[in-house]
Structures are given as structure tokens and as C-alpha cells.
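Visitor: Chain by chain, the residues run as shown.
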Amino acid sequence: MKIPYLEKLFNWLEQSSHWGVHPDYRKEPAASRLISKLPLPPVLYLPLVQHAGAPAVAVVKVGDRVLAGQLLAEAGGNISAPIHAPAAGVIEAIGPHIAPHPSGLMVETITLRVTGTESVELQTCADPFSLPADELARRVGEAGVVGLGGATFPASPKLNLGRRAAVHTLVINGSECEPYLSCDDRLMQERAEGVIEGIRLIAYMIGAGRILVGIEDNKPTAYKTMCMAAAPFANIEVHSVPTRYPMGSGEQLMTWLTGVELPAGQRMASIGVLVHNVGTAYAIHRALRHGEPLTHRIVTVAGGAVRQPRNLEVALGTPASALVHFCGGLTEEPTRLVMGGPMMGQTLPSLDAPIIKGASGVLALTLAESGSPEEGDCVRCGMCTHACPLHLMPLDMAAAIRSGDVPAAQKMGLDDCLTCGACAYLCPAHIPLSHYFSYAKGETWAAEQSQRQQDQIRQSGEAKKERLARELAERRAAMAKRKAEQDAAKAAAKKEEATS
Amino acid sequence: MLIPVVSIGALGGVLGIGLAFAARHFKVEGNPLVEEVAAMMPNSQCGLCGQASCSVAAEKMVNGEIPLTNCLPGGKALAQRIAEKLGVPLQLDGFEEVTPQVAIVDELICTGCSRCLKACGNDAIIGAAKHIHGVLNDLCSGCGKCVDLCPTMAISMVEVPVTLKSWRWQKPRLEEGVRA
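If you read the protein sequences in the order shown, they are chains A and B.
full-length UniProt numbering puts the first residue of the first sequence at 1, with every later residue one more than the last.
full-length UniProt numbering puts the first residue of the second sequence at 1, with every later residue one more than the last.
Treat the hints with care, since some could be wrong.
[To be verified] Simulated crosslink set (EDC-like; lysine to aspartate or glutamate; CA at most 16 Å straight-line): (1) LYS61/A to GLU28/A; (2) LYS165/B to ASP138/B; (3) LYS118/B to GLU462/A; (4) LYS165/B to GLU462/A; (5) LYS465/A to ASP123/B; (6) LYS76/B to GLU471/A; (7) LYS171/B to GLU375/A; (8) LYS61/A to GLU74/A; (9) LYS118/B to GLU466/A; (10) LYS411/A to GLU84/B; (11) LYS464/A to GLU35/B; (12) LYS171/B to GLU471/A; (13) LYS118/B to GLU471/A; (14) LYS60/B to GLU36/B; (15) LYS37/A to GLU190/A; (16) LYS441/A to ASP405/A; (17) LYS165/B to GLU108/A.
In case anyone wonders, no lab produced these hints; they're calculated from the structure.
Since the structure is predicted, the reported quantities are computational estimates derived from the model, not experimental observations.
Could you put the whole structure together from the sequences, leaning on the hints where they help?
Guide: Here is the structure:
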């Protein structure tokens, strides 16, 4: 016998079980200012790696004149995305330039000297819904759209995957749980119609009947505008979800909205759900209705060291310094520069690094905001286990990693760890837990990679041995044949001699 | 005359049959673990571990005569897998993973003599006689066998450059006085 209310109560208890943290969000004042357009900088730097997967392959040469929207680099594989020119100009160089990455390494980059805004003719479409879904997915891929929530997974393969995997529910992520960031919030407030059309297009492409939009309850205006924009469409449900970090993780939001948990090691599509970010939905709307490739994005510029924090619409490839300069410059020397949010974003080596597709924010943090106190001993308080959105045991995992036993940490669920940093945020002993997990994940990856390479080397070695043996056998056979022929010829000669 | 011939012959026959029986039924199997570990080794016979061959190294590892981390091309990943196979804890104290190296051919001095080509155990060097040779980084085990063979000294070993893809976080350093 089922008692509906009791079941609901249980569900509620289960869902409100402990996970996540409540950091100081500091979204103001950027969140209450309108998005402004950043003027084009004199030079744009477009790295060939701006997405998850294979690097793009440049199709232009140094000295080429290009128009805005023109293809600069095509997708370098199945999981890859093309890159387009955000403005008209001349290709000045194709070579290494500083990457927006904590390592400070260089990355192959197309340098574009901007001369104007003349654009190529864009392939607009009055009614994208009249086109077949695979044609739309192809156009999304050609426009270079990637997941703008931070993972930068190319959108086109994800859409195709959704179509093949019988996805019934589309979850749209508008939670934006990272502190400081408000680019999705502003986007939903100012361009809700476009976002909703993008959402409908995604649902049309993957054939999902049910659409759930999740917006954290610290964004009431965005929630209201999105509700209004979604009102004409019965299959779109806009939900307000509690503010809690990391609610913006696709998995956590999906579980919250649908009540279904993702089994470890499986993809979202295997349980019939796909998650897309609101920014991606908007980019898809622009790509399909207006034919615009992904060349601009909205970036939150914030942090204690920024004079006037705000959201900017920026051409990809703009150096981060141009954004900070537009926002009134720095009030003091920042101790940490971040691209993305402070919890999961990438530490920037310098403000020369360019804005890429996945850059949701540029943060210049002061010592008071970013300083990490000295590490102490673990006091076994268990706060980290409460914080973990996946109910892992961060303290045990970190202890195993510290003693050099990464496989043990893997058994405890290291592969499921999002490295969201909620555990490290709460830790009263200031143990750099997520740093341990990032390190261990890197080790696991490197071990797998090295294993794969060794297998390859061994196979190649075996193939060589086989080939040498075969060649030897062939040579012997050829020699034997030649000898036999010679013998036969000799015998024939003898015979002839004898007969004559 | 016949007696000694028959008796010695019979003795020989019996002992021969006995030996044949013993050889078949009391055969001492090679340690199967050694074979399994040998199969995991790179088998490029590079000799960087100081052993005669990969299988000798495998045997010594199984017998505990040399550390599991001795195989340089295999690195930590191989050591970990062997430790798992043998069921022994991996001793990583004092083990510093060497940055993997690959051979590189200087195109300006390579004469295309193809000596390195023939010596490379896993076909990592490509090219043909009188053509400049090149190294396929993915197949190079870093054994360095080719370096000494080159008559023009065109081959050198270089560290595999760190890229955005291969870069990874270092282990957090434990501060003084902090216990795990």
C-alpha cells in the first residue's frame, strides 16, 4: 500500500539530506547591472583548444583577410568544435600564445588583428522547427557551439547522442551556483525569449517531451522572466531550486529536479536525461535562427580588486586585461586571478590570457577573498562528508592519496568526485582536499595513458618481429625457388647435352 | 659376447624409458607468475634496467631481487600493475619518476643510413634508405638504443614536452608538523 503524502515526505527528507555548502555568494553589484558590450580590442587571440576533445585545425594562413563569422579553424575530430572569427581582420600569426590555464603553458593560437566588423552573409532561418533534427544538429556543430556551463563539451555530438539514446527529459541548468558569477542570471533576465527558444530547439533535436528548467532561488527576477517566457509552452516547467553549492553541477540539479540518481560511471543519457546550460541554449538559438556562429559570450567581471564589477558581452579571444580595464581597472594588486568561478574555475597565469568559449567569469580576488590559511591536522569532524554532493568520504580519500595509494582512493569513488571543492571549503583544518583529488585524477589519467602507450609499443614490437619473421621466410622461399629453378635448368642443360 | 650386449642394452633401454617418463611427468614448470609479468613488460629489450632482457628483469622482479620500479619505460603505471599482480605493496619511497624521453632525429645531419631503423625494436623510427628518418613519438619507448648507432650523431633523446593535455597538478606538499 502506498501512502502518497508519506512518500512525498520521504522524498523531501532524502533530497534535503546534507550535501553542499553555502559560500558567501557576492554576486552583487555585477548581478544588478545590465550587460554591456565590450568594444572590440585591437587584437584577438583565438586558441585552437577552446573545448573538450580534439583541437581545432586552422584553415586560414598568416596574412589572410577574414570577415566576421568566417571559419578560422575546423573541427579536428568527432568530438571537437570549429572556431570562427569574431570580427573582420587580418591573420597576424598562428603559433603559441599564453593559454587561460593554471599551468601558464602556451597553446596554438590564431592571432587576429581587428580591422572592422564586416560580416560574412549569415544563413538565417525563419522557422528552424521546419527543418529535420539532424540538419539542425549539424548546423549547431558548424556554428562551433559548445557547452557554455564550463565543461565546453561540443554541443553537436551531445545532441546526436541524445537523439540516439531515447532521451525523454531535458534539464536546463540555470542555477549558476558559483559565487560571483551572474552571467547566466543576466542572460535569463535580459534575453529570456531567446533562451526559451533555444531550449525548445534542443528538446526538438533530441526528441525530449519534458523540459525542466532549474533556477536557484537567489535569482528571483530571472525566475520570473523565465516563467513568463515559458508560459506559452506547456511542456516547459520552470522550477526554483534552493541556493546551494554545487547545485549547478548537472548531476545534482538533475537529481533534485527528477528525483533520479545517476548510477556511478554512467552517462546521463543512459537514464534518458540530458542537461544543457542556459547559455548554450541561447547560443543554439542564435546559431539556428540567426545563423550566427559562437563568437561572443557573456562574461562576469568581478572580485574584490575590480573597481566596477559587471557583466560584459565579449568577443572570444579578447585578452582578460581588456575586460578588467573596461570595468575601471584594478583597485589593488589581486592575489589570485580566475577564469570561471572561484570554486571550480581555472587560475589564470596572467591577464594576457584570452577569453575562450568556456570562460564564464574573470575574477580578480584580493588576499582577503582568496587567502588560504595554513593547513592543520585532520580533526575527524566529518564536515567534508556532509559537504560532498556525492556522499563520498573526502577525508579517507585524501589520506589514501597522501600516503601514495591512489587505487585505494579510486575504490572509495575518486572517479565520481566532481572536484567541486565543497569539502575543502568547509574543512576547518584547511586541508586542500580538492587539490588532492585533482592531483590523484591526474595521476590516474597519466597511468592510463602510459598503459595505453605501452600496449601500443608492445603491439608494434610484436608486429615488427612477425614482419621480420615473415620477410625471412619469404626470402628463404624465394631462394629455394631460385635454387630449384637453377637446378631444373642445369638438369635440362645436362639432358640436352646428353641427347645431343 | 651376447650377454653383456643384451644386458647393457636392456639397462640403457630401461633407464631411457625411465628418463623419458620423468621428463614428461616430473617436469618442473617455469614460475607462471614470471611469464605473466614478462608479458606485461614493454618487451623492447632496451636494457635500461641493467638486466639482460625484459624476461630476466621480470624474473628478478618476481623473486624480489630488483625493485618493481626498475623498468623506466614502464614507469609508475607498470610498477603499480606488477605490484597488484604479485600482491605486494609498492615501494615508492625514493622513487622519482623520470620524465619520459623520446628520440628525435636532426633532419639536417641525418644521412638516411637506416641503421637506427633496423635497430628500433618497435618500429618507432620511420623512413627508408637514403631518406631522412623520423620518430613516431607515440611508439618510442625511450630506450635510446638508436642514439649510439647513428654514425652522424643525428639522434638525441629529449623529454616529452608538457602540453595542456598532459599537464597535471602536483601533489600538495605536506607542511611541516602536519599529520595525515
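Visitor: Does the structure keep LYS165/B and GLU462/A at a Cα separation of 16 Å or less?
Guide: violated, 29 Å
Visitor: Between the alpha carbons of LYS465/A and ASP123/B, is the straight-line distance 16 Å or under?
Guide: holds, 10 Å
Visitor: Straight-line Cα separation of LYS441/A and ASP405/A no greater than 16 Å?
Guide: Given pair LYS441/A, ASP405/A holds - Cα atoms ~12 Å apart, limit 16 Å.
Visitor: Is the Cα-Cα distance between LYS118/B and GLU471/A 16 Å or less?
Guide: holds, 13 Å
Visitor: Please work out if LYS118/B and GLU466/A have their alpha carbons no farther apart than 16 Å.
Guide: Holds: LYS118/B and GLU466/A sit about 14 Å apart, inside 16 Å.
Visitor: Run the distance test for LYS411/A versus GLU84/B: straight-line Cα separation, threshold 16 Å.
Guide: holds, 14 Å
Visitor: Are the Cα positions of LYS118/B and GLU462/A separated by 16 Å at most?
Guide: Within the cut-off at roughly 14 Å; holds.
Visitor: Checking one constraint from the list: CA of LYS61/A to CA of GLU28/A, max 16 Å. Satisfied?
Guide: With Cα atoms ~44 Å apart, LYS61/A and GLU28/A exceed 16 Å; violated.
Visitor: Are LYS76/B and GLU471/A close enough, with their CA atoms no more than 16 Å apart?
Guide: Outside the cut-off at roughly 36 Å; violated.
Visitor: Sort out whether GLU108/A lies within 16 Å of LYS165/B, counting only the CA atoms.
Guide: Given that 16 Å is the threshold and the Cα spacing comes to 13 Å, the pair holds.
Visitor: Given the hint that LYS464/A pairs with GLU35/B, test it: the Cα-Cα distance must not exceed 16 Å.
Guide: violated, 21 Å
Visitor: Under the criterion that the straight-line Cα-Cα distance not exceed 16 Å, is the pair LYS37/A, GLU190/A satisfied?
Guide: Within the cut-off at roughly 13 Å; holds.
Checked against the numbered hints given earlier, the structure breaks hints 1, 4, 6, 11, 12 and satisfies all the rest.
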